[in-house]
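Chemist: So the sequence lines, in the order shown, correspond to chains A and B. This note's numbering applies: residue 1 is where the first sequence begins, and numbers increase by one. This note's numbering applies: residue 1 is where the second sequence begins, and numbers increase by one.
Below, computed lysine-lysine pairings styled on BS3-like, alpha-carbon distance capped at 25 Å: (1) Lys237(B) <-> Lys134(A); (2) Lys198(A) <-> Lys111(A); (3) Lys279(A) <-> Lys193(B); (4) Lys180(B) <-> Lys59(B); (5) Lys10(A) <-> Lys237(B); (6) Lys225(B) <-> Lys237(B); (7) Lys301(A) <-> Lys340(A); (8) Lys22(B) <-> Lys279(A); (9) Lys225(B) <-> Lys161(A).
Source of the hints: derived by calculation from the structure; they are not laboratory data.
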Amino acid sequence: MTDGHILEDKSHFHGVWVFLEGRAGQLRDVSTQLIGEGRRLADLRGTPLTGILPGHDVDALAREAIGYGLDRVIVVDDPILEIYRSRPFAEVMAQLIRRQKPEIVLFGASKNGRDLGGRLHAILETGLAADCVKFDIDPEGNLDMIRPSFGGKSLAHILCKKHRPQMASVRRNVFVAPPHNPDRRGEILHERVELSPKDVDATLLEFDEFTKDGGLRPEEADIVVSGGYGLGDPKNFQLLQALADRLGGAIAASRKAVDSGWVPKTLQVGQTGMTVRPKLYIAVGISGAVQHLAGMQESDKIVVINIDPKAPLFEIADYGIVGDLFEVVPELIRQLDALKGGEVGAQPTLPAEVR
Amino acid sequence: MSVLVSGMRPMRIIVCIKQVPKAQELQVDPVTQTLKRVGVPSEINPPDANALEIALTLKDRHAAEVVVLSMGPTSFDESLERAIAMGADRSVLLTDRILGGSDTVPTAYALSETIQKIGGYDLILTGEETTDASTGHVGPGIAGHLALPQITYVSEVQIVDGTVRARRTAEDGTEWWQTKMPSLCTVNFGCNKPRSPTLTGKIRVKRGGVIAHWSCADVGIDPKKVGLFNSPTIVAKVDTIRLPPRAGRMFSGDARESVRALLDALIRDRVIVP
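Please construct the entire structure, taking both the sequences and the accompanying hints into account.
Modeler: Rendered as C-alpha cells:
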C-alpha cells in the first residue's frame with residue numbers, strides 16, 4: 001500500500017496474493033489458473049501464497065481453493081459481500097492490503113476483477129498491469145509484468161518499481177490450472193472489515209443469466225460462429241447454433257445472410273452491422289467482403305470454413321478448412337461432443353430440421 | 001421530458017474520451033520494428049464514442065447538458081470538435097506537458113480533479129477501455145478517486161426518478177444495477193451506433209469557443225502526482241512480435257481428419273479447453 005507515497009523501503013511487503021472469485025459454490029477457472037501461476041511466483045520469491053476471498057458463507061470454497069496450491073486463505077465474511085459489489089469489495093481489499101502489505105496481488109481479468117482492480121489501484125495509488133500473459137522476477141526482485149500492447153502487435157514489460165503492492169490482472173485461459181489436491185493443508189483465516197450499509201451504493205435489480213439458447217450476444221461472446229450466404233437456407237443456422245452451443249458461443253451472420261432475410265439484422269457483423277472481437281471467430285460459408293472484415297478482423301483467432309478455396313476470407317484466417325460445411329460442421333460438433341463426453345465417435349444431437 | 005436535479009439545473013453528464021490512432025491503420029515499421037504512429041489517422045476511442053452516444057441519447061430524452069472531457073495534446077481538439085458536432089454542448093481539454101507519460105493512476109487522478117473543477121455533475125460516462133492501451137482502469141479509477149458508485153461494462157443507461165439504472169454485461173449474464181446520482185458508468189464497445197456529426201453541430205464548431213483548454217495549474221492538479229516520473233508503472237521495454245499476424249494454416253483431407261487437426265490446433269492455442 002502506498003496511497004501516493006513513493007516507497008523508500010519495499011522490504012515491509014511480503015507474499016503473493018490471489019483474489020479469488022467464486023460462482024455458485026465453485027471457484028472460477030480464472031482463479032484456479034491464477035493460483036497455479038501465483039504458486040510459481042511465491043516460490044520464486046520465497047514467500048507464502050495467499051488467496052483472498054471476500055464473500056458470505058464461503059469456507060467450503062476456501063478449503064477447495066487450498067487444494068490448488070495455496071498456503072492460506074483470508075476470508076472476509078459479510079452478507080454485503082454475498083454478491084460482487086464494487087465499493088465494498090474495493091474497501092475490503094484496500095483495508096486488507098494496508099494491514100498485511102502483500103508484495104504482489106493478482107486478479108482475474110474478468111468483468112468483476114477489472115472493475116475491482118481499476119477502482120482499487122486508484123485508491124491505493126499503486127501500479128496495476130492489465131491482461132498480463134507472462135510474469136518474471138527481474139534482478140532487483142520486481143515483478144516483470146508482460147502484456148500485449150497495440151492490439152497484440154507487441155509485448156510490453158511493465159515494472160512497478162517504487163510502489164507496492166505490484167498488481168496485475170490475467171485473462172481466463174492464459175495459464176493452466178494446477179491439479180487439485182484435496183489433501184493439501186492450508187490455513188483459513190477470518191479477517192474482519194467493518195462494512196456499513198452506506199458501502200452498498202448500488203442495488204442489483206435484475207440478473208438474467210446467459211442461456212445457451214439465444215441469451216448471449218455476439219459482441220459479448222468469447223466465441224462467435226458466423227454464417228454467410230453459403231448456408232443456402234435460413235434453417236441451416238440451427239446447425240451453427242448447435243456448434244455455438246457446444247462452444248458456449250453465440251451465432252452471427254454476414255450482411256448477405258441478413259439481406260436475404262435469413263436472420264435478424266441484430267446478428268449482422270461488418271461495417272454496417274456490429275464489430276466483434278472474440279477470442280475465436282468461426283466463419284462458415286462467408287466469402288469475406290471487405291465490409292465483413294471490418295467487423296471481425298480483430299478477433300484473436302479466425303477459423304474459415306468454405307467450399308471455395310478462393311474465398312478472400314482465407315487470407316486472414318489462422319486456420320482454414322476447404323470443404324463442404326454440411327460435412328465439416330457436423331463433424332466439428334461430433335468431435336467436440338466426443339472431447340467433452342470422452343466418448344469417441346458419439347452421435348451428435350443435431351436439430352431435426354437440418355439436412 | 002427534462003429532468004431537473006437539485007432544483008433548477010438540468011442534469012449534467014460528463015463524458016471522458018480519448019483520441020487514439022485508428023486501430024486498423026497501425027503498422028509496424030519494417031526497419032525499426034516499432035509501431036508507426038506518425039501520420040496514422042486518429043479517431044475518438046471507439047468505446048468512448050459509444051459512451052458519448054449514450055450521453056446524447058439521454059440528452060435527447062432529458063434535456064441534459066453533455067460536457068466532453070479529454071486529457072492530452074492539443075491535437076485532441078479534433079476529437080472534441082467531432083463530439084461537439086455530434087451534439088455535445090461543450091468540452092474541456094486538460095492539456096499540459098507535465099502530464100506526459102502518465103499511467104492510469106495519475107490519469108484517473110488528473111481527470112477526477114478536472115471533473116471536480118467542472119463541477120455539478122450527475123453522471124460520468126467513459127468507454128470500457130481504450131483501443132490503444134486496453135486497460136479499462138481509468139473509468140473505475142475515477143470512481144475510486146471520487147468515491148462514486150460505479151457500474152462497469154454497461155450497454156444501456158436510463159435515468160429513472162433521479163437514479164441511474166444501467167444494464168451491465170457481467171461474466172455470466174446481464175445485470176440491471178441502480179445507483180443514486182452522481183455515479184459513473186463505463187460503456188461497452190459496440191453497444192450502439194454513434195451518430196454522425198450534424199450540420200448545426202459543425203456550424204457550432206466553426207463559430208468556435210466550444211473547447212476550453214485547461215492546464216494543471218488551472219485545475220489545481222498537484223504536479224508531484226502526474227507525469228511519467230510519478231506513475232507507479234513504467235514500460236521497461238517492448239518486444240515486437242515478429243510473427244505474421246495470422247498463421248494461415250490450411251487443413252486438408254476428409255472432414256474427420258481436417259476437423260481433428262483444427263481442434264488440435266485450437267486446443268494447443270488454448271482457444272478451446274477440452
